[in-house]
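K.L.:
Sequence:
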Amino acid sequence: MFLEGAVRDNRIKADDFGAGIARFTKKRKERFWELDFLRGLCVVLMVFDHFMFNMMDVLPVVNEFFGTTLGRELSKYALVYWKGDFRNTVRFFVICTFFVLCGISCTLSKSNFKRGFLLALCALGITGVTGVIESYYEGFIVRFGVLHMLAAAVLMYAVVDLLARLALLPVKGAKAKKIAETALGYLPALTGFVLLCVYLTCYGTFSCKEGYPFFYSTVMPSSDKNQSAVWAIFVYVKHYQFDSADYFPILPWATMVLLGSAIGRAVYHTPAKYAFRPLDGSWNNGVCFLGRHTAIIYLSHMVVIPVITILAVALYSLFV
Numbered sequence: 002m003f004l005e006g007a008v009r010d011n012r013i014k015a016d017d018f019g020a021g022i023a024r025f026t027k028k029r030k031e032r033f034w035e036l037d038f039l040r041g042l043c044v045v046l047m048v049f050d051h052f053m054f055n056m057m058d059v060l061p062v063v064n065e066f067f068g069t070t071l072g073r074e075l076s077k078y079a080l081v082y083w084k085g086d087f088r089n090t091v092r093f094f095v096i097c098t099f100f101v102l103c104g105i106s107c108t109l110s111k112s113n114f115k116r117g118f119l120l121a122l123c124a125l126g127i128t129g130v131t132g133v134i135e136s137y138y139e140g141f142i143v144r145f146g147v148l149h150m151l152a153a154a155v156l157m158y159a160v161v162d163l164l165a166r167l168a169l170l171p172v173k174g175a176k177a178k179k180i181a182e183t184a185l186g187y188l189p190a191l192t193g194f195v196l197l198c199v200y201l202t203c204y205g206t207f208s209c210k211e212g213y214p215f216f217y218s219t220v221m222p223s224s225d226k227n228q229s230a231v232w233a234i235f236v237y238v239k240h241y242q243f244d245s246a247d248y249f250p251i252l253p254w255a256t257m258v259l260l261g262s263a264i265g266r267a268v269y270h271t272p273a274k275y276a277f278r279p280l281d282g283s284w285n286n287g288v289c290f291l292g293r294h295t296a297i298i299y300l301s302h303m304v305v306i307p308v309i310t311i312l313a314v315a316l317y318s319l320f321v
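Numbering (my numbering), first residue to last: 2 to 321.
Treat the hints as calculated values from the structure; they're not laboratory data.
Cβ coordinates follow ideal geometry from the N, Cα and C atoms, glycine included.
Some clues are possibly wrong.
Only pairs whose alpha carbons sit at most 30 Å apart, straight line, appear in this in silico DSS-like list of lysine-lysine [to be verified]:
1. Lys178 with Lys274
2. Lys274 with Lys176
3. Lys173 with Lys274
Here are the in silico distance ranges between beta carbons for each label pair [unchecked claim]:
4. Ser301 with Ala175: 44 to 54 Å
5. Cys198 with Tyr78: 38 to 48 Å
6. Phe49 with Val130: 16 to 26 Å
7. Arg32 with Val160: 17 to 27 Å
8. Ala184 with Phe94: 23 to 33 Å
9. Pro272 with Phe194: 24 to 34 Å
10. Phe207 with Leu42: 20 to 30 Å
11. Lys115 with Asp86: 35 to 45 Å
12. Leu170 with Lys226: 41 to 51 Å
13. Ser112 with Thr183: 20 to 30 Å
14. Ser283 with Thr206: 40 to 50 Å
15. Ala175 with Phe49: 44 to 54 Å
Kindly generate the complete structure, drawing on both the sequences and the hints.
P.N.:
Structural data, given as C-alpha cells:
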C-alpha cells in the first residue's frame, strides 16, 4: 500500500510537472520574434529621438543653470536633426509601424480590457508626474500623449471585439459559427477603416506639403479655449497649440491600431504566422529583448535620460 501510494504520488507530481512544462511551452509559443524585433527597432529609434530632443531642449537649460557649456555643439546638431524632414519622415513611419504592431498584439491577447486600463493608469501617472515638473519647467506636462491614445485605442478594440463575440451567440451550427467568427474578427479593423474615412472626410487630410508625410487638421478652433482643448483630445485642431509635451489625438492615430488588427487576424490566426520562424535565431536576441519590454523602456527612459544629463553636467561643472 505504501509503495502504491508513493508511485501514485510520483505520477501526480510528474503529471503536474508535465502540465507546467506544457503551459510554459504554450506561453512561449505565443510570442513571434518578428513582432518583438520590429517593436524593438521602434523603441531604439524612439529613445534616440527623445535623446536628441533632450540634447536640444533640456541640455541648454541645465548648462545655463550650472554655468557650463557641456555638449554645446551636440545641442546644435540635435536642433538640425529635430527640424529636418528626414527625422519627420522616419518618425511618421516608425509611429505607424508601432501602432500597427499594437493592433496585431490586440488580436493575440485575451485581456485587452486589462491592457487598456493598465495603459490608462500609466498615462494618468505620466500626466501627474509631468504636471508636478511643469511647475518648475514650463512645457513639460503631458496631457494626452502616446500612452493616453494607445489606452483609448486598445479599449476601443476591446469593446468592438466584445460586441463581435456577443453577435456570435445567436449563430447556430459549427460551420456557420466558424464563418461568422472569422468575419466578425475583422470588425475592429473595419471600425478603424470607417473612422479613418470619417476623419479624412470631415476632420483632416493626409499630405506631404511640409516635405514629409503627416495628417493635417481641417478643424477650426473654437472661441472657447476649453472646448478646443476637449476637441484636441479627439482630433488635431487647426492653428491650435495643444498644451502637451507629447501629443497624439485619438483620430487618426487610434485607427492605425484598429487597422493593424486586420494583419493580426489575417496572418497570426492562420498557419502563415510561422512564415518567419526559420529566420529566428540568436542574432535577434538583443533587439527582441527590447521589444518584449517596450512599456518599461518607454516609462523609464523619460526619467533616465534627463537625470543622466543633469548628473553629467553637474559632475562636469566640478572640474571647470
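K.L.:
It remains to establish, for every hint, whether it holds in the given structure.
P.N.:
Here is how each hint holds up against the structure:
{"no.": "1", "hint": "Lys178 with Lys274", "result": "holds, 23 Å"}
{"no.": "2", "hint": "Lys274 with Lys176", "result": "holds, 23 Å"}
{"no.": "3", "hint": "Lys173 with Lys274", "result": "holds, 29 Å"}
{"no.": "4", "hint": "Ser301 with Ala175: 44 to 54 Å", "result": "holds, 48 Å"}
{"no.": "5", "hint": "Cys198 with Tyr78: 38 to 48 Å", "result": "holds, 41 Å"}
{"no.": "6", "hint": "Phe49 with Val130: 16 to 26 Å", "result": "holds, 23 Å"}
{"no.": "7", "hint": "Arg32 with Val160: 17 to 27 Å", "result": "holds, 26 Å"}
{"no.": "8", "hint": "Ala184 with Phe94: 23 to 33 Å", "result": "holds, 31 Å"}
{"no.": "9", "hint": "Pro272 with Phe194: 24 to 34 Å", "result": "holds, 25 Å"}
{"no.": "10", "hint": "Phe207 with Leu42: 20 to 30 Å", "result": "holds, 24 Å"}
{"no.": "11", "hint": "Lys115 with Asp86: 35 to 45 Å", "result": "holds, 40 Å"}
{"no.": "12", "hint": "Leu170 with Lys226: 41 to 51 Å", "result": "holds, 46 Å"}
{"no.": "13", "hint": "Ser112 with Thr183: 20 to 30 Å", "result": "holds, 22 Å"}
{"no.": "14", "hint": "Ser283 with Thr206: 40 to 50 Å", "result": "holds, 46 Å"}
{"no.": "15", "hint": "Ala175 with Phe49: 44 to 54 Å", "result": "holds, 51 Å"}
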